[in-house]
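Participant: These protein sequences, in sequence, are chains A and B. 146 is the number that our numbering gives the last residue of the first sequence; the numbers go up by one with no jumps. 146 is the number that our numbering gives the last residue of the second sequence; the numbers go up by one with no jumps.
Since the hints were made in silico from the structure, they are not lab data.
Each pair may be met inside one copy or between any two copies, as identical chains are not told apart.
Below, simulated BS3-like cross-link-like pairs (lysine-lysine); rule was C-alpha separation at most 30 Å, straight line:
#1 K44 with K111
#2 K29 with K44
#3 K118 with K44
#4 K145 with K44
#5 K44 with K69
#6 K44 with K113
#7 K117 with K44
#8 K8 with K118
#9 K123 with K82
#10 K8 with K145
#11 K30 with K127
#12 K145 with K22
#13 K8 with K111
#14 K118 with K69
#15 K7 with K17
#16 K17 with K82
#17 K30 with K69
#18 K44 with K82
#19 K139 with K123
#20 K17 with K29
#21 K30 with K82
#22 K139 with K111
Number of protein chains: 2
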Amino acid sequence: MLEDLEKKLYSEIPLTKYMQLKFTSVDEKKLISTAPLTPNINDKGTAFAGSLSTLVTISAWSACYLTVKELAYENAMIAVIKSDTAYRAPVTNTLYCETTLPTEDEINILKNKLINKKSASIKINSKIFQDDTLCVEFKGVYVIKV
Amino acid sequence: MLEDLEKKLYSEIPLTKYMQLKFTSVDEKKLISTAPLTPNINDKGTAFAGSLSTLVTISAWSACYLTVKELAYENAMIAVIKSDTAYRAPVTNTLYCETTLPTEDEINILKNKLINKKSASIKINSKIFQDDTLCVEFKGVYVIKV
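Start from the sequences, fold in the hints, and give me the full structure.
Facilitator: Have a look at this one:
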């Protein structure tokens with residue numbers, strides 16, 4: 001499933017391929033994504049804010065994508081409409097991102113809205129860590145139309 | 001000046017080169033930057049949110065860079081610490097970004113802080129338009145250390 005998503009992103013969003021974005025695991029609670037430092041480096045030798053922002057934004061989008069796919073909607077339109085990002089510490093190694101998947105309650109609300117209104121919005125949180133340090137904190141709102 | 005900045009970014013931040021980011025003009029009020037759609041496209045055939053976010057983040061960073069350079073500080077450390085982004089409409093053509101440069105009052109405050117504390121933070125706004133439509137609205141807070 002993650003390999004298919006990676007292929008889809010690489011073929012449809014060239015920037016994700018350039019960044020060498022990878023999805024390494026997913027369970028019921030979290031989606032883990034990574035990117036190497038080299039293509040994402042900045043003038044300070046740390047991870048570029050643009051790359052960090054892109055990684056959290058597309059990872060949270062992917063959390064929506066996987067959720068909607070589980071609900072058996074193919075070809076849903078998913079787009080970020082708003083995001084807040086705090087850059088708390090520099091990233092000096094591989095970019096490691098944890099995205100919180102929607103809870104069962106959130107999925108049920110989403111499901112009902114998609115059935116009744118063909119449209120819903122959902123909040124997704126994504127964080128970039130280095131070892132135990134929280135480096136980037138992202139809160140995004142995504143709209144989904146089916 | 002803009003050519004030097006472009007060269008600096010291309011050599012130090014490879015993602016900006018991949019995105020083909022360009023600075024097209026600067027006056028006392030605004031810095032204009034652009035990027036072509038092709039390397040920045042998404043699954044919907046519009047500009048990728050990651051590219052839009054990167055364009056506003058680095059353009060606002062560049063506004064700080066040019067301001068600090070005018071104050072004759074070389075090698076200042078400039079980094080984004082916080083940002084809010086609203087994605088209001090899709091971008092279907094060249095990404096066109098207007099970044100508001102600090103006012104004379106803001107520059108004076110910044111100058112005094114840098115003299116007295118060697119450190120300051122500044123808010124920068126950046127917007128992406130397509131024709132007359134506001135597509136992306138970004139508010140960033142940047143820290144500067146000299």
